[in-house]
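Protein chains in written order, with our numbering: chain U, 1 to 442; chain X, 1 to 312.
Calculated from the structure, these hints are not laboratory results. Being a predicted model, the structure only gives us computed values, none of them experimental. A couple of the hints might just be wrong.
[Said to hold, decoys possible] A few chain U residues that face chain X, going by a derived Cβ cut-off under 8 Å, partial list only:
| # | residue |
| --- | --- |
| 1 | Thr10 |
| 2 | Tyr82 |
| 3 | Leu223 |
| 4 | Gly413 |
| 5 | Thr415 |
[Stated by the list, open to error] Short derived list, chain U residues pointing at chain X, Cβ under 10 Å:
| # | residue |
| --- | --- |
| 6 | Phe85 |
| 7 | Thr113 |
| 8 | Val232 |
| 9 | Gln239 |
| 10 | Gly248 |
| 11 | Ser293 |
| 12 | Gln321 |
| 13 | Ala331 |
| 14 | Pro410 |
| 15 | Ala418 |
The beta-carbon is built from N, C-alpha and C at its ideal position, and this holds for glycine as well.
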Amino acid sequence: MSTTTELTETTLLRFATAGSVDDGKSTLVGRLLHDSKSVLADQLEAVEHASRNRGQETPDLALLTDGLRAEREQGITIDVAYRYFATPKRRFILADTPGHVQYTRNMVTGASTAELTVILIDARNGVVEQTRRHAAVAALLRVPHVVLAVNKMDLVGYQESVFAAIAEEFTAYATELGVPEVTAIPISALAGDNVVEPSANMDWYGGPTVLEHLETVPVSHDLSHCHARLPVQYVIRPQTAEHPDYRGYAGQIAAGSFHVGEQITVLPSGRSTRIAGIDLLGEPVDVAWTTQSVTLLLEDDIDISRGDLIVPSKDAPPTTQDIEATVCHVADAPLTVGHRVLLKHGTRTVKAIVKDIPSRLTLDDLSLHPHPGQLVANDIGRVKIRTAEPLPVDSYADSRRTGSFILIDPSDGTTLTAGMVGESFASPEPVKDDSEDDGWDF
Amino acid sequence: MTTTVSTVEEGTHTPYALSHLDALESEAVHIFREVAGEFERPVILFSGGKDSIVMLHLALKAFAPAAVPFSLLHVDTGHNFPEVIEYRDRAVAKHGLRLHVASVQDYIDRGVLKERPDGTRNPLQTLPLTEKIQSEKFDAVFGGGRRDEEKARAKERVFSLRDEFSQWDPRRQRPELWNLYNGRHAPGEHVRVFPLSNWTELDVWQYIAREDIELPQIYFAHEREVFKRSGMWLTAGEWGGPKEGETVEKRLVRYRTVGDMSCTGAVDSDATTLEAVIAEIAASRLTERGATRADDKLSEAAMEDRKREGYF
Numbered sequence: 001m002s003t004t005t006e007l008t009e010t011t012l013l014r015f016a017t018a019g020s021v022d023d024g025k026s027t028l029v030g031r032l033l034h035d036s037k038s039v040l041a042d043q044l045e046a047v048e049h050a051s052r053n054r055g056q057e058t059p060d061l062a063l064l065t066d067g068l069r070a071e072r073e074q075g076i077t078i079d080v081a082y083r084y085f086a087t088p089k090r091r092f093i094l095a096d097t098p099g100h101v102q103y104t105r106n107m108v109t110g111a112s113t114a115e116l117t118v119i120l121i122d123a124r125n126g127v128v129e130q131t132r133r134h135a136a137v138a139a140l141l142r143v144p145h146v147v148l149a150v151n152k153m154d155l156v157g158y159q160e161s162v163f164a165a166i167a168e169e170f171t172a173y174a175t176e177l178g179v180p181e182v183t184a185i186p187i188s189a190l191a192g193d194n195v196v197e198p199s200a201n202m203d204w205y206g207g208p209t210v211l212e213h214l215e216t217v218p219v220s221h222d223l224s225h226c227h228a229r230l231p232v233q234y235v236i237r238p239q240t241a242e243h244p245d246y247r248g249y250a251g252q253i254a255a256g257s258f259h260v261g262e263q264i265t266v267l268p269s270g271r272s273t274r275i276a277g278i279d280l281l282g283e284p285v286d287v288a289w290t291t292q293s294v295t296l297l298l299e300d301d302i303d304i305s306r307g308d309l310i311v312p313s314k315d316a317p318p319t320t321q322d323i324e325a326t327v328c329h330v331a332d333a334p335l336t337v338g339h340r341v342l343l344k345h346g347t348r349t350v351k352a353i354v355k356d357i358p359s360r361l362t363l364d365d366l367s368l369h370p371h372p373g374q375l376v377a378n379d380i381g382r383v384k385i386r387t388a389e390p391l392p393v394d395s396y397a398d399s400r401r402t403g404s405f406i407l408i409d410p411s412d413g414t415t416l417t418a419g420m421v422g423e424s425f426a427s428p429e430p431v432k433d434d435s436e437d438d439g440w441d442f
Numbered sequence: 001m002t003t004t005v006s007t008v009e010e011g012t013h014t015p016y017a018l019s020h021l022d023a024l025e026s027e028a029v030h031i032f033r034e035v036a037g038e039f040e041r042p043v044i045l046f047s048g049g050k051d052s053i054v055m056l057h058l059a060l061k062a063f064a065p066a067a068v069p070f071s072l073l074h075v076d077t078g079h080n081f082p083e084v085i086e087y088r089d090r091a092v093a094k095h096g097l098r099l100h101v102a103s104v105q106d107y108i109d110r111g112v113l114k115e116r117p118d119g120t121r122n123p124l125q126t127l128p129l130t131e132k133i134q135s136e137k138f139d140a141v142f143g144g145g146r147r148d149e150e151k152a153r154a155k156e157r158v159f160s161l162r163d164e165f166s167q168w169d170p171r172r173q174r175p176e177l178w179n180l181y182n183g184r185h186a187p188g189e190h191v192r193v194f195p196l197s198n199w200t201e202l203d204v205w206q207y208i209a210r211e212d213i214e215l216p217q218i219y220f221a222h223e224r225e226v227f228k229r230s231g232m233w234l235t236a237g238e239w240g241g242p243k244e245g246e247t248v249e250k251r252l253v254r255y256r257t258v259g260d261m262s263c264t265g266a267v268d269s270d271a272t273t274l275e276a277v278i279a280e281i282a283a284s285r286l287t288e289r290g291a292t293r294a295d296d297k298l299s300e301a302a303m304e305d306r307k308r309e310g311y312f
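All chains should be modelled from the sequences, with the hints used to inform the complete structure.
Here it is in structure tokens:
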């Protein structure tokens with residue numbers, strides 16, 4: 001049959017956008033969806049119909065993502081909206097997050113699974129408080145790639161100097177926060193400059209368009225630097241005539257890679273054995289890596305159950321009952337010192353108590369407020385937690401999956417707080433020259 | 001002008017990147033295993049439609065060589081395509097599964113539910129579904145809903161808490177961070193779980209092709225006697241047939257979705273193979289709901305309203 005490029009398997013990029021309607025975020029998202037032909041005729045018709053009902057002459061592309069009645073009525077985005085689009089090169093999952101200050105929790109949620117964040121700036125206003133907040137969220141959540149989209153270039157005469165000044169100021173700020181990579185792109189979402197097609201109005205810019213960058217940014221890492229981690233989700237024991245003694249430890253590899261023959265240790269018990277086989281959803285393999293879902297077969301029959309963490313014996317994290325972390329409080333009720341909670345880390349949920357809240361952080365200017373007593377919704381702060389059982393935690397800087405946790409209210413199950421173990425921000429990377437790069441990487 | 005602090009690792013060459021289908025498959029398997037580890041009585045909503053067939057396939061892979069630790073639940077509108085019911089029963093027998101049926105017809109016969117003037121039974125499924133969940137004490141209910149289907153679904157969580165009336169409150173959803181799903185619920189409450197949240201219609205079809213998954217034949221082009229109502233090609237059956245002025249004709253069609261026969265439309269198609277179906281979808285200018293579901297055309301918030309009341 002006649003194969004089109006759309007039918008082949010591609011890679012997947014999860015990314016987030018942050019910014020407010022005023023920055024043109026909806027226009028940017030609408031254009032990415034529209035120009036990649038991901039908005040289908042009936043959806044566009046529905047948006048046009050709804051826009052007309054509201055007395056608007058042009059279709060309001062924000063209505064594509066504002067899916068809830070309350071959002072449409074109030075003209076605001078309340079919640080993270082997930083959008084899906086594809087080009088022949090890549091599949092995209094976009095977490096479209098509202099940028100208002102009271103919705104920090106949504107930005108944190110969107111950034112938690114993102115490999116890239118697009119931060120929007122209005123070229124006329126430059127770096128503002130909200131921009132600093134968005135950069136801080138990307139830095140806290142250790143999003144590997146940040147794109148600074150300097151929008152509305154058409155309204156500043158497409159001047160290189162305006163773009164360069166904003167890009168330089170932002171990059172300096174983000175670098176200080178430890179953001180490893182910033183790619184600045186001058187765009188006009190409304191006119192379409194440098195979103196999908198290169199701009200005819202900015203000859204001085206030689207870098208990629210937003211879409212080109214999204215299509216080519218690396219989505220995997222050099223795994224040799226990663227600590228291999230497998231949280232055990234489930235023990236598979238068929239106990240059938242065909243498989244009387246099969247015991248497989250099922251889970252999704254959270255970081256790094258495992259290979260057959262490797263010496264592993266099970267935490268928190270500390271027992272060790274070797275990997276006898278790896279079953280990759282029906283296919284035996286010699287090596288498996290993040291984020292594959294696998295079943296490990298081990299040489300010795302040792303006691304392993306859901307909640308345990310399998311790690312290479314030569315690279316085991318320490319276990320601890322005292323955790324220091326940066327958290328974002330996501331619930332309406334406050335988090336207080338002395339709060340008894342459940343802590344979910346990997347596949348293990350344990351009782352815990354909030355021992356101390358040493359400080360609260362203001363994201364706009366990174367000022368610290370010592371001993372706030374409590375954290376309310378959308379607050380970022382430092383906490384000290386004591387757990388009822390020892391946990392094998394990594395620092396979030398080393399492993400986003402095994403360095404993160406959530407706190408849960410034991411009485412009603414509410415998700416209270418998102419936590420990242422260790423220091424809030426990475427130390428700035430030394431400036432290095434990358435001559436291969438032809439983009440405007442600052 | 002290129003001052004840089006970037007630490008670009010390997011350029012665009014990504015040796016350890018998973019293909020998009022592998023990434024989506026791994027994520028769905030992870031979700032199935034989390035539910036198996038944290039819940040007492042999970043059940044998979046199984047209609048015999050392609051999304052529920054893909055869910056079952058993923059569940060089988062997640063626990064092999066052991067059996068799937070869940071049963072199946074079919075909410076039967078009574079307006080079924082015979083080919084789909086046949087498929088359902090074959091799948092249940094082949095994998096040694098237990099099938100629960102919640103029957104809309106029973107509720108109508110008992111006078112609990114009344115037939116709607118338009119004859120559509122999709123909105124009537126909510127009560128039998130909710131009562132079956134309560135009487136069987138199911139605590140996790142897998143649905144095949146995808147966020148790309150509809151804009152109210154775009155804000156749905158993977159783990160979605162429902163109260164004892166199965167109601168969904170979009171403003172009280174738990175934020176979902178990393179892949180740390182929170183399945184805590186009180187007695188009487190349950191969690192709807194959507195392992196295909198991040199899949200698109202095209203992903204589902206590509207996966208069906210890659211995994212060589214068998215589907216009911218009505219998903220492929222075939223000659224069928226149909227009549228036009230509200231811009232859709234419907235098939236006559238026990239549920240009813242053409243009214244005055246609606247004429248039956250023979251057309252080459254296929255179904256993009258499978259549901260209540262009275263409001264699920266066929267589309268003109270000559271796609272007789274999986275490859276042809278995928279090419280057709282890749283080129284399509286309509287969403288599958290827009291093309292085939294009369295009930296979603298009712299209002300801007302039709303899906304949100306039904307979801308709030310406990311619909312899938």
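Here is how each hint holds up against the structure:
Taking 8 Å as the C-beta cut-off, the interface hint given for U:Thr10 holds, the closest approach to chain X being about 5 Å. With a cut of 8 Å, the hint placing U:Tyr82 at the interface with chain X holds, because the nearest CB-to-CB distance is about 5 Å. For U:Leu223, the suggested interface contact is upheld, since its CB lies about 5 Å from the closest CB of chain X, less than 8 Å. Taken as an interface hint, U:Gly413 checks out: its beta carbon lies about 3 Å from the nearest beta carbon of chain X, inside 8 Å.
Given hint, U:Thr415 at the interface with chain X, holds; its Cβ is 4 Å from that chain's nearest Cβ, closer than 8 Å. The closest approach between the C-beta of U:Phe85 and any C-beta of chain X is roughly 9 Å, which is under the 10 Å cut-off, so the hint is satisfied. Among the interface hints, the one on U:Thr113 holds; its C-beta lies about 6 Å from the nearest C-beta in chain X, closer than the 10 Å criterion. Because the beta carbon of U:Val232 sits about 9 Å from the nearest beta carbon in chain X, less than 10 Å, this interface hint is met.
Here the hint on U:Gln239 is kept, as its CB sits about 8 Å from the closest CB of chain X, short of 10 Å. For U:Gly248, the suggested interface contact is upheld, since its CB lies about 8 Å from the closest CB of chain X, less than 10 Å. A distance limit of 10 Å between C-beta atoms decides the matter here; for U:Ser293 the minimum to chain X is near 4 Å, and the interface restraint holds. Among the interface hints, the one on U:Gln321 is violated; its C-beta lies about 20 Å from the nearest C-beta in chain X, farther than the 10 Å criterion.
A least Cβ separation of about 9 Å between U:Ala331 and chain X falls short of the 10 Å threshold, and the interface hint therefore holds. This hint holds: U:Pro410 has a C-beta 8 Å from the nearest C-beta of chain X, less than the 10 Å allowed. About 5 Å separates the beta-carbon of U:Ala418 from the nearest beta-carbon of chain X, less than 10 Å, and the hint is met.
Hint 12 from the list above is the single one not met by this structure.
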